[in-house]
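Asker: Letter by letter, the chains look like this.
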Amino acid sequence: MYPTKYHKPASISDAVALLAGNDEAMILGGGQTLLATMKQHLAAPSDLVDIRAIKGMSGISTSDTALTIGAATTHADVAASKEVKKLCPALADLASHIGDPAVRSQGTIGGSIANNDPAADYPAAMLALAATIVTNKREIAADDFFLGQFTTALEEDEIITAVKVNAATKAAYAKFAQPASLFAMVGVFVAKGAAGVRVAITGAGDDGVFRHAGLEAALTADWSDSAVNEVAISADGLMSDLHGSAEYRANLIRVMAKRAVAAT
Amino acid sequence: MELTGEYRIAAPRQQVWEALNDAEVLQACIPGCQELEKTSDTEMLAKVTLKIGPVKATFGGEVELVNIDAPKSYTIQGEGKGGIAGFAKGSADVVLAEDGDDTILTYNASAEVGGKLAQLGNRLIQSTARKLAAAFFDNFHERLNQSTPEDA
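Protein chains in written order, with the numbering used here: chain A, 173 to 436; chain B, 3 to 154.
Simulated from the structure, these hints should not be mistaken for lab results.
Keep in mind that the hints are not guaranteed to be accurate.
Stated by the list, open to error - Some, not all, of what chain A presents toward chain B, calculated at C-beta under 10 Å:
hint : residue
1    : Met210
2    : Asn288
3    : Thr304
Stated by the list, open to error - Lysine-lysine pairs mimicking BS3-like chemistry, simulated, CA-CA at most 30 Å apart:
hint : chain 1 : residue 1 : chain 2 : residue 2
4    : A       : Lys211    : B       : Lys133
5    : B       : Lys53     : A       : Lys309
6    : B       : Lys74     : A       : Lys211
7    : A       : Lys342    : A       : Lys430
8    : A       : Lys177    : B       : Lys40
9    : A       : Lys336    : B       : Lys53
10   : A       : Lys211    : B       : Lys49
11   : B       : Lys118    : A       : Lys211
Even glycine gets a Cβ: it sits at the ideal position worked out from N, Cα and C.
Whole structure, please, built from the sequences with the hints as guidance.
Answerer: Okay, structure coming up:
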């Protein structure tokens with residue numbers, strides 16, 4: 173065993189003070205990745221700063237066309253939210269298929285995005301929906317936020333407080349889950365809205381979530397699953413592992429993209 | 003796992019070679035390197051912290067320069083233990099070729115990890131190793147290009 177101190181600050185400034193000057197401290201969201209990593213002794217933070225009790229970190233608010241989801245809102249709450257179902261049903265659907273019920277009741281949207289696991293579901297939604305990531309310091313467009321697997325634009329003492337998502341005219345997420353982990357082998361989020369047609373892919377890229385220009389162009393011209401058939405999907409830059417080769421994942425991208433479009 | 007890359011550096015080969023043999027330069031360029039102490043002309047002790055998502059492990063180990071053919075090429079190899087996290091080892095063949103006033107640096111690196119770290123799976127290890135190798139040579143390239151006077 174190794175000692176770790178647990179903190180539950182009530183404000184952002186208290187949380188920042190706990191993180192300041194201590195590079196062995198880590199932010200704790202829902203702990204669905206971090207606690208498992210600690211149990212494996214692959215991380216041993218001296219201090220855990222649980223940000224879930226900070227005022228305003230949880231919950232969902234809406235305007236006519238946009239959702240603001242607090243960073244500490246669990247996947248289960250996003251999945252069950254009437255507001256999310258009304259304004260962006262694809263996001264509620266995605267949240268309802270993350271991991272298993274235990275993961276969904278503890279895991280948080282902010283934690284998922286900050287971790288940027290290359291097979292996590294939420295990063296695909298954020299990128300395709302052109303979401304804005306709100307932190308204690310600034311607002312970051314999703315396009316500028318995800319910088320490769322497990323890498324984000326976040327600074328050391330920067331804390332995600334919320335995400336803002338605009339409602340899309342059409343949106344859907346299709347995932348081929350790895351049966352043991354329930355992470356995406358390949359997940360494709362398609363969206364058509366004010367930001368145009370955007371297609372984001374998780375699980376497949378060698379360096380995390382990415383947008384697919386070919387699929388976006390084809391679906392801009394013709395929003396139909398048959399349009400997806402004509403798109404060249406290269407295996408270059410895709411991941412090969414014991415679950416599947418890059419070529420297999422390239423084919424899954426096509427299949428999942430078609431399913432997602434067909435579901436809209 | 004094999005990693006390769008090529009860089010054009012706006013500096014004469016001798017200067018690039020000296021930098022490649024300078025412990026201070028190496029420490030500044032190795033991602034996450036906290037300490038690098040020379041124990042002989044070709045051997046160093048290093049402490050490197052590796053961060054992959056939630057995983058953070060500090061490796062202590064030895065770095066050695068072998069197959070030295072000054073000022074054209076060498077192999078830099080290292081092996082470190084990260085406690086319960088496991089071990090990592092890697093090597094890179096570095097070749098310097100003259101091209102006018104510039105130097106072309108090519109590398110061919112390999113990396114291997116074992117222990118609990120390896121359980122993270124190939125997907126993480128391979129792309130992380132590729133990123134780390136690229137980060138080292140990016141840093142090195144940037145540092146040398148900065149330290150070269152405009153009229154050199």
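Asker: Given the hinted pair lysine 118 (chain B) and lysine 211 (chain A), is their alpha-carbon gap at most 30 Å?
Answerer: 12 Å, holds
Asker: The hint names asparagine 288 (chain A) as touching chain B; please verify it with the least Cβ-Cβ distance against 10 Å.
Answerer: 8 Å, holds
Asker: Holds or violated: lysine 211 (chain A) with lysine 133 (chain B), Cα cutoff 30 Å?
Answerer: 26 Å, holds
Asker: Taking only the CA atoms, is the gap from lysine 74 (chain B) to lysine 211 (chain A) under or equal to 30 Å?
Answerer: At roughly 47 Å apart (the allowed maximum being 30 Å), lysine 211 (chain A) and lysine 74 (chain B) break the hint.
Asker: Check whether the Cα positions of lysine 342 (chain A) and lysine 430 (chain A) lie no farther apart than 30 Å.
Answerer: 14 Å, holds
Asker: Within 30 Å, alpha carbon to alpha carbon, are lysine 211 (chain A) and lysine 49 (chain B)?
Answerer: 24 Å, holds
Asker: Holds or violated: the hint that methionine 210 (chain A) contacts chain B, with Cβ atoms closer than 10 Å.
Answerer: 8 Å, holds
Asker: For a C-alpha distance cap of 30 Å, please report whether lysine 53 (chain B) and lysine 309 (chain A) respect it.
Answerer: 24 Å, holds
Asker: The hint names threonine 304 (chain A) as touching chain B; please verify it with the least Cβ-Cβ distance against 10 Å.
Answerer: Violated. Min distance 23 Å.
Asker: Is it true that the CA of lysine 336 (chain A) sits at most 30 Å from the CA of lysine 53 (chain B)?
Answerer: 29 Å, holds
Asker: Compare the distance between the alpha carbons of lysine 177 (chain A) and lysine 40 (chain B) with 30 Å, and conclude whether the hinted pair is satisfied.
Answerer: 37 Å, violated
The structure fails to meet hints 3, 6 and 8 from the earlier list, while all remaining hints are met.
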